[in-house]
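Residues per chain are reported as follows:
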Amino acid sequence: MEFAIKASGFSAIFFVFAIFFFVFSTASEFIFEKMDFVEFLTSPEWYPTSLSNKRYGTLALLAGTVSVTGLAMLIAVPLGLGSALFISEFTSGVVKEGLKITIELLAAIPSVVWGFIGLAVMNPLIIEVFDAPIGLNVLNGGIILGLMSVPIMTTIAEDALKAVPDSYREASLALGATRWQTAHKVLFPAARSGLLAAVLLGVGRAIGETMAVLMATGHAVQIPGSPLDSVRTLTATIAAELGETAAGSDHYQALFAVGVLLFLLTFGVNLAADLIVRGRSAR
Amino acid sequence: MMPIIPGKPRYLLCAALIVLAACSSSNSDRTVLQNKGSDTLVNVAQAWAENYSRVKPDVAVVVSGGGSGTGIAALINGKVDIANASREMKSEEHESMKKNGLKAAVQHTVARDAIVVFVHKNNPAAQLSIQQLACVYGEGGQCSTWTDLGIEVPGCAKQEIIRISRQSNSGTYVFFREALLGKTGDFKLGSRDMQGSKDVVDLVTHTPCAIGFSGMGYGNEKLKSVCVAANDGEACVTPTAETAASGAYPLARGLYMYTIGEAKGAAKDYLDWILSPAGQAIVAQSGFVPVN
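The listed protein sequences derive, respectively, from chains A and B. Taking our numbering, the leading residue of the first sequence gets 46, the next gets one more, and so forth. Taking our numbering, the leading residue of the second sequence gets 333, the next gets one more, and so forth.
Errors might be hidden in some of the hints.
If the Cβ cut is set under 8 Å, some of the chain B residues that face chain A in the computed set are [as the list claims (entries may be wrong)]: (1) I494; (2) N501; (3) D518; (4) R524; (5) T570; (6) T572.
Only some residues are given here: those of chain A computed to face chain B with a beta carbon under 10 Å [unchecked claim]: (7) W91; (8) S97; (9) N98; (10) A105; (11) G115; (12) P123; (13) G138; (14) V140; (15) E142; (16) N168; (17) A177; (18) I179; (19) L259; (20) H264; (21) Q267; (22) A292.
The hints are simulated quantities; they were obtained by calculation from the structure and are not laboratory data. Cβ atoms here follow ideal geometry from the backbone N, Cα and C, with glycine treated the same way.
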């Protein structure tokens with residue numbers, strides 16, 4: 046029994062390294078021998094199936110991922126932290142438990158269902174409200190992705206607020222501060238690193254999401270000039286194109302190179318979140 | 333690679349015994365044909381497979397889509413018996429087969445099709461030429477608004493042309509690109525690349541600014557199919573069964589099935605049946621054009 050638990054603990058490390066090794070080794074031939082680094086990172090032209098002039102630039106895909114994730118955070122951070130604050134400080138009893146369960150239910154909605162909502166509900170709505178030529182765009186993907194990142198943010202932020210000792214609250218209230226002043230001036234600074242970790246984990250969730258953004262963003266390779274432009278993300282490109290490519294071809298390896306880029310991006314965000322949490326507990 | 337066809341006596345014996353267990357053991361001996369590829373062909377391929385299971389109950393045809401490129405890649409990797417494609421195999425794909433030590437792929441034309449160009453039903457565009465389509469879709473093309481084409485679309489914000497295309501492994505995409513821009517041309521970036529013909533049709537139906545394309549089997553009365561002229565100033569041709577079969581329609585094409593070497597055994601029987609009147613009747617029902 047002890048062994049089994051130990052093995053399952055270490056298996057996570059094994060799987061992470063196995064996956065990274067597989068992705069990186071498949072991409073390595075392309076990265077080291079065929080890839081033009083400057084083109085890969087700075088050209089917006091993604092033409093993997095051109096017959097005359099193949100181009101593997103990921104800038105537009107990167108811009109797609111960043112713009113959709115950025116907008117998602119504009120929506121998710123106030124909503125997620127706000128609901129965490131409300132649950133933790135301003136309510137109790139049945140309402141508190143009910144809210145927590147409902148928010149966890151929100152996390153259980155499959156991403157393809159979110160994508161379907163983007164396609165069937167948000168698309169006509171955005172066309173109507175913004176008089177846009179098409180409703181599958183950064184705005185649509187950002188809203189969908191924002192709502193998807195709220196649960197993880199709320200859950201972690203609420204834990205962070207709960208971890209602030211009650212003596213802080215009591216001291217603040219005893220000095221005559223209102224509950225809002227207490228939250229604003231005492232609790233937020235005290236739980237700062239936990240809240241930041243919640244936000245960064247939400248970002249990591251948003252960057253890695255595939256199915257919903259594939260359906261909601263319009264899947265168009267271009268650098269967006271406004272939230273009403275369609276974009277394509279790194280994840281959606283891999284999902285849409287990998288099935289087609291002959292194993293071992295340049296296009297196949299290029300998609301794995303995109304995977305490495307994505308891995309580094311999410312790894313960076315998660316590492317940052319981790320270091321912040323560690324920094325807090327060490328203090 | 334192809335499973336061995338079970339002997340007939342054994343099948344009869346099984347039927348005679350009417351013992352469930354015995355039957356299920358013979359089920360595992362059923363010949364299975366793996367068939368994969370073009371999303372354009374996937375509906376008709378499924379209809380063929382279903383009907384063929386009544387003609388030959390001992391042969392099961394497993395059909396999946398994913399795009400012509402997917403099907404051909406699977407054929408090259410030896411994973412399927414028959415690949416469906418809405419474009420011809422590329423020379424590099426033929427070479428990959430040779431590299432994998434397989435016999436040369438053999439092409440069977442199983443139906444004919446026309447790529448239909450769709451616009452929203454409120455779009456007044458009556459006809460478009462191949463040059464105009466190239467200007468809209470091609471890299472370097474300057475046509476970005478409907479006004480550039482001399483058309484005003486009611487309900488379309490800024491008259492911007494919303495180009496709907498397909499993911500790049502689609503045979504429809506490759507054929508359309510070549511028909512418009514030749515072998516060396518590329519599409520402009522920024523088209524909305526959908527995962528299947530059905531998505532293209534849905535999106536064009538709901539988007540006044542849109543233009544899209546798919547095989548003729550996917551058209552319906554909720555959108556408008558455009559009359560296409562081979563050259564500016566020439567008379568345009570509407571996509572119908574007749575114009576697709578005769579080749580008068582500029583975007584007519586064949587739909588193909590590929591086998592590794594000449595088809596043998598169960599695969600040959602299946603292809604023969606597809607080309608028979610019974611198989612071709614299904615082609616017509618699915619909205620495509622029978623061969624011959």
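Inset, instruction - Hint by hint, work out which the structure violates, then give me just those numbers in ascending order. - result: Checked against the structure, the hints that fail are numbers 5, 6, 11, 12, 13, 14 and 15, while the rest are satisfied.
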